[in-house]
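S.K.: Residue numbers (numbering that gives the first Met the number 0), protein chains in the order written: chain A, 0 to 275; chain B, 0 to 424; chain C, 0 to 257.
Some hints here could point you the wrong way.
Derived BS3-like pairs (lysine-lysine); straight-line CA-CA distance at most 27 Å [said to hold, decoys possible]:
| id | chain 1 | residue 1 | chain 2 | residue 2 |
| --- | --- | --- | --- | --- |
| 1 | B | K10 | B | K407 |
| 2 | B | K10 | B | K84 |
| 3 | B | K174 | B | K82 |
| 4 | C | K140 | B | K299 |
| 5 | C | K81 | C | K168 |
| 6 | C | K213 | C | K236 |
| 7 | B | K84 | A | K75 |
| 8 | B | K41 | C | K140 |
| 9 | B | K365 | C | K247 |
| 10 | B | K299 | B | K407 |
| 11 | B | K2 | B | K407 |
| 12 | B | K2 | B | K365 |
| 13 | B | K158 | B | K2 |
| 14 | B | K82 | B | K407 |
| 15 | B | K247 | B | K365 |
| 16 | A | K75 | B | K82 |
| 17 | A | K202 | A | K222 |
| 18 | B | K365 | B | K299 |
| 19 | B | K365 | C | K236 |
| 20 | C | K235 | C | K213 |
| 21 | C | K235 | B | K365 |
Rather than coming from a laboratory, the hints here were simulated on the basis of the structure.
Listed here are the chains, written in short residue letters.
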Amino acid sequence: MFPWNYGFHWGAASYIFLGAFYTVLAVVATTVIFAVFRSRRALAAHETEEIRWHSDFHDLPARDRVCRHVFTGEFKSRECPHAFDCRLCETHAKLIAAHPPQQSDETEEEIFGMSFPVDCLYHRGHAWARPEADGTVTVGLDELGSRLVGAPDAVDLPQPGAIVHANGTAFHIHKREADVRVLSPVDGEVVETGAPGRGWYLKVKPINGQMDMRHLLCGTEIKPWLMREMERLQLALSAEGAAPTLADGGVPVADIAQSYPEADWDAVCGEMFLEP
Amino acid sequence: MDKEFIARGVKRCSTPRFLLWIMPWLALLAFGAYSAGLCLVKGLNQTNMDNRFAFGLWIFLDLTVIALGAGAFFTGFLLYILKLKELSAVINSAVVIGLVCYSGAIAVLMVDVGQPLRAWFTFWYPNVHSMLTEVTFCISCYLTVLAIEYLPILLKNRKLRQVPSFLVFEYELHKLVYVLAGVGTFLSFFHQGSLGGLYGVLRGRPFAFREGFLVWPSTFFLFIVSAAAVGPSFILLTTWLVEKISRKRLARPEVLQLLGRISGLLLSVYVLAKTVDTLIWINRTSPDAGFPAAQYYAWKPFGTWILFAEIVLFGMIPALIMLTPRLRRRTGWLVSAAAMACLGVALNRFVLTVQTLALPTLAFDKFLSYWPSWQETGTFLAVVAYGVLVYSFSFRYLQLFPEERELKAEVQQEEEELPVMAGRY
Amino acid sequence: MTSEKKPGKTARYGMTIDVDRCNGCGACMVACAVENNVPPAHEGATDRKGITWIRVFQVDNGEDYPNRRSAFVPVLCQQCGKDAPCVSVCPQQAVEVDPATGIVGQMPERCLGCRYCMVACPYHARYFNWWDPAWPAGMEKTLNPDVAPRMRGVVEKCNFCHGRWHAAKQLAAANGRAIEAVDYVPACVEACPTRAIQFGDLNRPESAPAQAAKNGASFRLLETIGTEPKIYYRSKKNWVRQISSAPKLGLGKESSRG
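The shape of chain A in the complex, shown without the other chains (with noise of 0.2 Å):
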């Protein structure tokens, strides 16, 4: 192994049998090492929740990684490669300025009897931000997220003075066996906290002073993007063998986890909160 150990020869047989071994040993170190060292910065950096969320959306299947534009009709099928950061598009960028956002023509969107109003924004894991008069950002689970966990058993908030990242986690929620995150739309410092019976949960405060909410979803995409929550919804819910009472339009309920007792209700949940 070294050259002072007893029967140790300098030969060709050596140097290649050596040289390989010490060479695979020092590039499978430098890689450990090299995880260890840039999970270090990543953790200094408090970078968790970013990569938190990175780790999610690398395992969620693929139909549900796909661009806003589809559900606009603007690609035929796309999946989103900035993980749902349209901040970070340039693609999206373009098809804005191509295109500006439709307004809609209603104060708000109603689908299967759920009411989205469109002064707020909507993220694709179920939280609207709504921007106050007084600067700060409003954070709330939509109607779908609301019925999803009814009355919730137990709502972990942050604390006021905590950070919240946009796609990091919210806060989390726990109905039934269901124990979820909810990816919070903005960036910003949270201020207030609400409770459940409020409608709202967070007020955030950005943290240099505008808040850039372009990749959240506004206006005329709510309704296309919601109808495809809706099946997404359906096929959570038969997956877990639940009869698909939603098929013909019906109407979800206040309390979707009372109508399906026998559903895995963390499964349906961790599907319609993007939490594999």
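Assemble chains B and C onto chain A, guided by the hints.
M.R.: What follows is chains B and C alone, placed relative to chain A:
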């Protein structure tokens, strides 16, 4: 009660049922550990090996198990280096199988050597000309690589990934898995080969001795090809078996067919190479050493049927089945062919280890027989039980088949549509 | 790995065994075991688990009475002179050829007990310690102080009585000269009542093995595999000389005496 450890959206049996399943395996493991303990404490006199049959059941099984575990490196190679994306459906399972096979083989080797505490001598005073040195170095390096490859699968466990440092490390490590797959391929290539070389270099055993290329006898290359051929077959076989036992769809049939096709392709290359090698050996290598090849097959029960079984029955026939699209699409045929391919490679390893030692070399030798003792068998069964347990726990708590959830949804839909479709099938 | 130096400058210790003289008494086996501290066989030992650095095999011409003829063939490590199969296979250099003597040496202290060398050896001249060595009470007094007993789990074999060689070397050094093969004989050579076994340096033309090598009645075991053994057997009988070649089906049965 262990629900929080089980991946979201997949169904696993209840904890008591799982305990019921692992109980017999635990018992077997305990029995095997006792057997191995006897061998370690009292010595190898507990085995039925002897001075003439110096290698026995264990070496045969090590060679077989490592060949079957080749699916880990070869699937990794196809997925990460050749970018056959479909295989991501089975890669995690392949890594676990590889880990089980390699760690099991090394554990048995540690019992098999007379002085296990001196194992480090091989690293400290390596004889770089010995095939066994190459095997030792490559296997221990590759086991390290497999353990590192297993780490992301383990850390992806639902509960473990709640820990931020685990989550982040898994993410960063998974990004570098290409490097590990590359290193694993390199290492596997060499030790599969040197395991073959182990016998091919034995000039004192003309039955096993083969000519070759540079320092490597032909068995070096035959072992690489046969392991690469049978690795995917074993992944196919285990996936099918796990599907049957767990009563779930885990991978799309197309993935299994692809594995079968790869296996069939390599198996036909192997069968061809093995045929050429056998002909050269019968007509040149063996007679040159003064051993007419016919006499090897005159000692019953090792007649020429063994050559036929190795090359045609468990080589050519499964290769042809797996290469025929029509047969490949029928699960029964595909799985049987994969099982036959695995059997064929096991038979090849058996011939090299057991037949080589059974045959006489001196004029006044006689044909020897050997039957493993219960301690040897027990130690081997411990490895089987250990493998089943590691795989069972991995299957229960880790995502071995990433497509399982999607397939579950599809199965549900199919079942709902079944009444309408029933007439068509 | 150590390779042998040019012949002439160094020694090539070898033996000649006259099969026609061997009467199968087994004295060589006993002398060998006593000299080299080979413990008595464990009670569980089988025919194939014992340690016999030299072992006398009985061979016959395969014919029936009255034409049946038997001979005894002592087989020990053949001290392969070229590419000894056991040397290159050892993963940790526990087998080495001494360039000064040509003796294929086994170092039990470094042996892992993997037994790969035993598989490699076509002469079955290597033995594994399946049990801890043990001597009946009192018998440990007969142990040879010049030879270290081996532990369980390692391989050992004939080394042309290394203890004797070492003593001879020291004696020669005390007399201010280098050791020569004629300075000592292994225990089996000494014990043989018919002087069937003779020992010497093959590089010295006058030595018994060198003479035997030139003898037309000489043969070595499995010469066709190219291991160049340094043990020369000798027999005037044609059928005995047949045992040098590969096994033929139906010829002979393995048996041993001693």
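S.K.: State for each hint whether it applies.
M.R.: Hints and how they fare:
1. B:K10 / B:K407: At roughly 9 Å apart (the allowed maximum being 27 Å), B:K407 and B:K10 satisfy the hint.
2. B:K10 / B:K84: OK: B:K10 and B:K84 at ~25 Å, within 27 Å.
3. B:K174 / B:K82: Given pair B:K174, B:K82 holds - Cα atoms ~15 Å apart, limit 27 Å.
4. C:K140 / B:K299: violated, 48 Å
5. C:K81 / C:K168: holds, 25 Å
6. C:K213 / C:K236: The given pair, whose Cα atoms are some 17 Å apart, holds under the 27 Å limit.
7. B:K84 / A:K75: At roughly 22 Å apart (the allowed maximum being 27 Å), A:K75 and B:K84 satisfy the hint.
8. B:K41 / C:K140: holds, 26 Å
9. B:K365 / C:K247: Since the Cα atoms of B:K365 and C:K247 sit roughly 10 Å apart, the hinted pair holds (cutoff 27 Å).
10. B:K299 / B:K407: violated, 52 Å
11. B:K2 / B:K407: holds, 18 Å
12. B:K2 / B:K365: violated, 61 Å
13. B:K158 / B:K2: Given that 27 Å is the threshold and the Cα spacing comes to 10 Å, the pair holds.
14. B:K82 / B:K407: holds, 26 Å
15. B:K247 / B:K365: violated, 53 Å
16. A:K75 / B:K82: This hinted pair holds, its Cα atoms lying about 25 Å apart.
17. A:K202 / A:K222: holds, 26 Å
18. B:K365 / B:K299: holds, 12 Å
19. B:K365 / C:K236: holds, 22 Å
20. C:K235 / C:K213: holds, 14 Å
21. C:K235 / B:K365: holds, 25 Å
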